[in-house]
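Asks: So the protein sequences, as listed, match chains A and B.
Going by the UniProt record's numbering, the first sequence opens with residue 1, and the numbers climb by one from there.
Going by the UniProt record's numbering, the second sequence opens with residue 1, and the numbers climb by one from there.
If you're looking for bench data, these hints aren't it; they were derived computationally from the structure.
All C-beta atoms in this analysis are idealised placements derived from N, C-alpha and C, irrespective of residue type, glycine included.
Watch out, some of these pointers could steer you wrong.
[What the hints assert, rightly or not] Negatives, chain A to chain B, calculated, CB over 12 Å:
#1 G68
#2 L76
#3 W101
[Claimed, not checked] The calculated lysine-lysine pairs, modelled on BS3-like cross-linking and capped at a C-alpha distance of 30 Å, are:
#4 B:K84 / A:K148
#5 A:K137 / B:K308
#6 A:K53 / A:K110
#7 A:K53 / A:K148
#8 A:K75 / A:K137
#9 A:K110 / B:K84
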Amino acid sequence: MRHLYTLTLSGLAAAVIGSTAFAQDATNPAVSARQSLMGLYAFNLGQLGAIAKGELEYDANTAAAAAGNLAALAKLDQTALWPEGTSSETTEGTRALPVIWSDMDGFHAKADDLAEAATAMEGAAGTDLASLQGAMKDLGAACGACHKEYRQPDD
Amino acid sequence: MQPVALATRNTASPTIDAMRGVGGTAIILALVVVGAGWYAITPQTIDQDALDGVEPDLARGEMLFYAGGCASCHASPGAEGEEKLVLAGGLRLPSDFGAFVAPNISPDPDAGIGNWSDADFADALLKGTGPQGQHYYPAFPYDSYGRMSVEDAASLRAFLATLPPDPTPSLPHELGFPFSIRLGVGVWKMLFARDGWVVEGDLSEQQQHGRFLVEGPGHCGECHTPRNALGGLQLDAWLSGAPNPSGEGRIPDITPGGLDWSEADIAEYLKSGFTPDYDTAGGEMADVVENISHLSDEDRAAIAAYLKIVPPSAAVTN
Chain A
1 MRHLYTLTLS
11 GLAAAVIGST
21 AFAQDATNPA
31 VSARQSLMGL
41 YAFNLGQLGA
51 IAKGELEYDA
61 NTAAAAAGNL
71 AALAKLDQTA
81 LWPEGTSSET
91 TEGTRALPVI
101 WSDMDGFHAK
111 ADDLAEAATA
121 MEGAAGTDLA
131 SLQGAMKDLG
141 AACGACHKEY
151 RQPDD
Chain B
1 MQPVALATRN
11 TASPTIDAMR
21 GVGGTAIILA
31 LVVVGAGWYA
41 ITPQTIDQDA
51 LDGVEPDLAR
61 GEMLFYAGGC
71 ASCHASPGAE
81 GEEKLVLAGG
91 LRLPSDFGAF
101 VAPNISPDPD
111 AGIGNWSDAD
121 FADALLKGTG
131 PQGQHYYPAF
141 PYDSYGRMSV
151 EDAASLRAFL
161 ATLPPDPTPS
171 LPHELGFPFS
181 IRLGVGVWKM
191 LFARDGWVVE
201 GDLSEQQQHG
211 RFLVEGPGHC
221 GECHTPRNAL
231 GGLQLDAWLS
241 GAPNPSGEGR
251 IPDITPGGLD
261 WSEADIAEYL
271 KSGFTPDYDT
281 AGGEMADVVE
291 NISHLSDEDR
301 AAIAAYLKIV
311 PPSAAVTN
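For reference, chain A alone in the conformation it holds in the complex (with noise of 0.2 Å):
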């Protein structure tokens, strides 16, 4: 009884913490939602990572199934996830910069280069671990030339 005493008080007190957390930050729905699709991006990537650097033994069917999620995340409509007004230099906890605002179009453009990139890891990942290592390198490529342009350095 006092065990379960104390884990309600605990959770309470945690409850309250997350929502002044929270209240403090003011997350906007779309800030913190792109940023789990982020999260999802680098898992799955996590998965054909580790099978690239031999952490992981390879298997066609996890890989394919990673490459396949990751493809299917990739071309999400993502216009509802970046409103005006939810850049940097506006939003906390965000790193997108304004430029992706006044720039859309490249912005989306380097949405359909991963987008691309990530169908062709799709191809690669089912068929060995050679094709796998080698689509590292253009999915890599296409994530980095969207944050080098859009995305503030964490500096």
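Since the structure of chain A is already known, use the hints to place chain B on it.
Replies: Here is chain B on its own, set in the frame of chain A:
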């Protein structure tokens, strides 16, 4: 792990040890000063016959072009993709001494280096000496490039000659006095010019190849090693990180003391730009990755193998 030691410059002189008395020391000092002055006004060149019989290797030249990151400074600022092969210059490099402006090194005969001899090119690349016998500023990392051979210089030149010419004239550097006096570079070279390798010891063939790429064309130490007040690299703190010359942030420690990534992590990062967390390389390192991604898996694995045997930063600073 192989036993590895940082090279130290040999400053002891048996001649000076043998001298006795203040007068003798003063004479020696005066000779050193005069000698230093002479060296300072005498830019070095490669041996006259060093290029005799040298056959350029275009494929190696291309590898050295990407390992050396020539385009990162010499392509027009903001160039992307194929434009990066047009080495028209124009990028400003800020420093404590003023701004250096990268020159045109495209094969244009007037604005670029099209009418240089191979010896001119080798002198510039390996010795930091221009075709008019002038010192180049070490913003051009010839102190690293000097680890390359004369054959490498000829091969790189041959590759550069295949790139598109561009007529954009080079712009002057924006340096304040006294750094605007090129003579001072001669003193800098005398004080700091490297000879041989920083990391010495019993290295495997792979580690030696990595050392060549890192200490030589890759010129990693130019940013990742701290400098003293005169801009000389602190070789005893090799690759242990340094302030960013742009004034923002710090260039990271990439010795085993500061970087705990596996060799596979390092090689993957240099290929795709993915960190072990699957974030991507940022800032100027993104350009470095773009260049190094053109190298082979073997080259990148060699770089990683070398970075693992660099003396860890903690051992250096303790």
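Asks: Hint check: A:K75 vs A:K137, CA-CA at most 30 Å. Holds or violated?
Replies: Distance of about 19 Å is within 30 Å: holds.
Asks: Would you check the hint for A:K110 and B:K84, treating anything up to 30 Å between C-alpha atoms as holding?
Replies: holds (18 Å)
Asks: Is the nearest CB of chain B more than 12 Å from the CB of A:L76?
Replies: holds (18 Å)
Asks: For the pair supplied as a hint, A:K137 and B:K308, confirm whether the alpha-carbon distance does not exceed 30 Å.
Replies: holds (23 Å)
Asks: Is the hinted pair B:K84 and A:K148 satisfied, with a Cα-Cα distance of at most 30 Å?
Replies: holds (16 Å)
Asks: Classify the label on A:W101 as holds or violated, using whether its beta-carbon is more than 12 Å from each beta-carbon of chain B.
Replies: holds (20 Å)
Asks: Should the label of A:G68 as a non-interface residue stand, given a Cβ cut-off of 12 Å to chain B?
Replies: Label holds. Min Cβ-Cβ 17 Å, cutoff 12 Å.
Asks: Does A:K110 sit within 30 Å of A:K53, going by the straight-line distance between their CA atoms?
Replies: holds (26 Å)
Asks: Are the Cα positions of A:K53 and A:K148 separated by 30 Å at most?
Replies: holds (24 Å)
Against the hints set out earlier in the document, no violation occurs for any number.
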